[in-house]
Amino acid sequence: MRTRLMSLIALAATLALTLHISAQAPKPAAKPYTAPRTPDGHPDLQGMYDLATLTPVERPAGAKAALTDEEAAKLERNVATQVEVRGRDITGERTAPPKGGDGSTGAAGGVGGYNNFWLDPGSSYTVVNGEKRTSLVIDPPDGRVPQMTAAARQRALARFVRPTSDATESRDVGLEPAGSYDNPEQRPLGERCLLGFGSTSGPPVLPTYFYNNLHQIVQTKDYVMILTEMVHDARIIRMNSQHLPKTIRKWMGDSIGHWEGETLVVETTNFTDKTRFRSASEDMRVTERFTRVAPNALLYRFTIDDPATWERPWTAEYTWPLTNDHIYEYACHESNYALENILRGARRREADAAQKKEE
Amino acid sequence: MKSAVVLFLTLTTIALAAQTPAPYRAPRAPDGKPDLNGIWQAMNEANYDIEMHMARPAMALRPGPYGPLPAAAVLRLGAVGAVPPGVGVVEGGSLPYKPEALAKRKENQENWLTADPEIKCYLPGVPRTTYMGHPFQIFQSSSAIFIAYQYAGAVRNFHLKDPGPPPADSWMGQSVAKWEGETLVVDVKGFNDQTWFDRAGNFHSDKLHVVERYTRTGPDIITYEATIDDPEVFTRPWKMSMPLYRRQEKNAQLMDFKCVEFVEELMFGQWRKKPLER
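If you read the protein sequences in the order shown, they are chains S and B. Numbering-wise (the working numbering), the first sequence opens with residue 1 and increments by one. Numbering-wise (the working numbering), the second sequence opens with residue 1 and increments by one.
Just so you know, the hints here were simulated from the structure itself, not pulled from any lab data. There may be inaccurate statements among the hints.
What follows is a set of in silico ranges between Cβ atoms, one per label pair, in the way DEER data are often shown [unchecked claim]:
id: 1; chain 1: B; residue 1: VAL80; chain 2: S; residue 2: ARG348; range: 37 to 45 Å
id: 2; chain 1: B; residue 1: GLU249; chain 2: S; residue 2: PRO140; range: 42 to 50 Å
id: 3; chain 1: S; residue 1: THR81; chain 2: B; residue 2: GLU107; range: 53 to 61 Å
The beta-carbon is built from N, C-alpha and C at its ideal position, and this holds for glycine as well.
Bound-form chain B, shown alone:
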């Protein structure tokens, strides 16, 4: 009888476990914290547009006789310049813009070629830096957590002790991190109003406050969430989430992408002594 009860309980436990698998427990760093070290990359279309979107002919458009066509400045890129479709990373669908902010986004879209900070290789801000289509590397030791991003050589040092309010606004903000169980929670503020969320003109003000959550949910996956609060632009806080994947190449590593050099002709070429054809 006794053994039958044990058997029953065991079977029940197995059955329950099969229904709700135990949450993934990440390999541990020497200090017992989940180990986030590695070279990671988002694999999505969020940098084109964080909202769900259909494919578009180009990032810069103009009206055509039967609908939008690529703007003259990007025409020659052909299919290479098209926007791939994406299911979006914003929870609950569309962004809760205030009406006047929605108008500003439209203006951003219309002026994308001159307005998107990515075009000038400016620092991408947070969370955009996470899904720029380049790998980034997390360095985690018992005394520091630091991320180096390949795109524009952007960097973030996660303060493990709150240094107090950010002394000045910045492009990448001030990041303060703490562990909540399996999750690294990073509170980021002190932003300027110069960065965007994507190439679709989604934007924020200098009141932006981002809370990021990094959770290992598999041997080669971090589930990334970012809660965005900006009362000047949005009617309520909203959340984006996406998996980050570990780069699998044996020789995976960050390489140079100093795009500052690549935009010199665009930004300063007209001031050469002998300007090239523009």
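Just chain S, with the same shape it has in the complex:
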């Protein structure tokens, strides 16, 4: 996680530097691509997709919407170098981290964790309409998620100790609000193995910027199934069907699909109040649009509509490239010793503090 944060900071800085370069001229619109068909005549979206990308959800402050090929290539080379350096074998001379950690932050911080060998945060910027994008958000045009309403901010604050579906696995010591270790329900959903972190299952489906970014689509006449690598979450989209009653809530919401020409359109509602993507209300509505734009890629676009949280709907998009990789089993809960030890650690710390007070 430290790597990820540092990469993003580096990215933001570099983007700010490239600000002065004039915006790249949009490429002329090419003839729309017609996807291969399934037997029932609809575009065939099936396959394995790798969603890893360097493009962040929100555009770094002051950056322009797209990079030139040269700018992107330079940034991508920098990332590749960092990945190579941080992925090198650990030498035998390395000593144990100091007691209490080395002061670094993030999931891999403090006492050291994953090096880059284990990570797959992405190596290139997402390309949409020939543009190398600097944010997934395209509307508002500044590439930033709109401000939350005052009521939503109040609500989010009141529930700060219940992490949302876009949360990373762990926040840093000192950054976590008081009481964050009191109950398992106060730990991030990823740490509890309930959903993958970073809204990877969605909807909306986001890159994790960390690892395990594969998603598999299987499509039949009546269903589209999207498998998310973490935590083997299969979202089953019922075609041309009705939503469940409002009393039935689902971790990934209730998804209904229909075809609009080349595009699969999926409407999702009925979220649980435990998912809360970016502190959204449980009445959030997500509209996703899946369009094959090339033999080896689809364009994924989503619009978030939740007046209880954001003053206006907002939209993001990025390209899902096909891959020949396989998804291997992501059994998370089955070996989740961490959650127990995190809570035990907190109780131990409290016991130690209480004893110290007595002495």
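On the provided structure of chain S, position chain B as indicated by the hints.
Showing chain B alone in chain S's frame:
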């Protein structure tokens, strides 16, 4: 004369057909393969005990003055916690355990409350995932076959092209499928030794090799067979079989059963800042 022979042959054919009905031919998917798409569920007591068994007072037992009684930990469930009887799904009756493995099963039964992976909502493995008492959905297209199980949100992708040996052991194994006429044959290996066959402590090692056969034998039935080979635990391969039924509800669908959340209190509750009564 000629017509009499034809008539005789026709009658004979009809008579023979009546004796041995033609095997069921499943509706076809667009690619000509039998169509397994749908929401299916086993309707049996196999998850309690795959062998033929009588009803029992509870899944966890302790000795009583006149025979076994529910263990203290499950006492309050009363009749809800009893084990329903079942005719079993194992062909040829009992399982061919090696003597030392039989002892291990007994130990599993005695420690059921802490040992059965289902109690902790762990992935159920194969074939147990088929008869967990929850529906599952088969997605079959011309390029993929995939099963989503309601229980624990378990999933299996059937490789239609053999990707080679499984790179690591896993809970649900690696499945490679091929069609043999009317039957989808799925070769499953690469298992760990953590899953069981049922709540009765029947188990396997990481040498487990399962061959499943899915055959449509009626408009709403799949006949399911699984051949189990595990030379570390059993003296010979053995087979289980059962019908799988199509869920008939107009709005049949898989719903959320993320039991990971439901076992947090059991597994981690004692580490709350203010533990609840346990």
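Hint check:
1. Range check, B/VAL80 to S/ARG348: Cβ separation about 38 Å, and the 37 to 45 Å hint holds.
2. Distance hint check: the CB atoms of B/GLU249 and S/PRO140 are about 44 Å apart, consistent with the given range 42 to 50 Å.
3. Distance hint for S/THR81 and B/GLU107: a CB-CB separation of about 55 Å, consistent with the stated range 53 to 61 Å.
In this structure, every one of the numbered hints holds.
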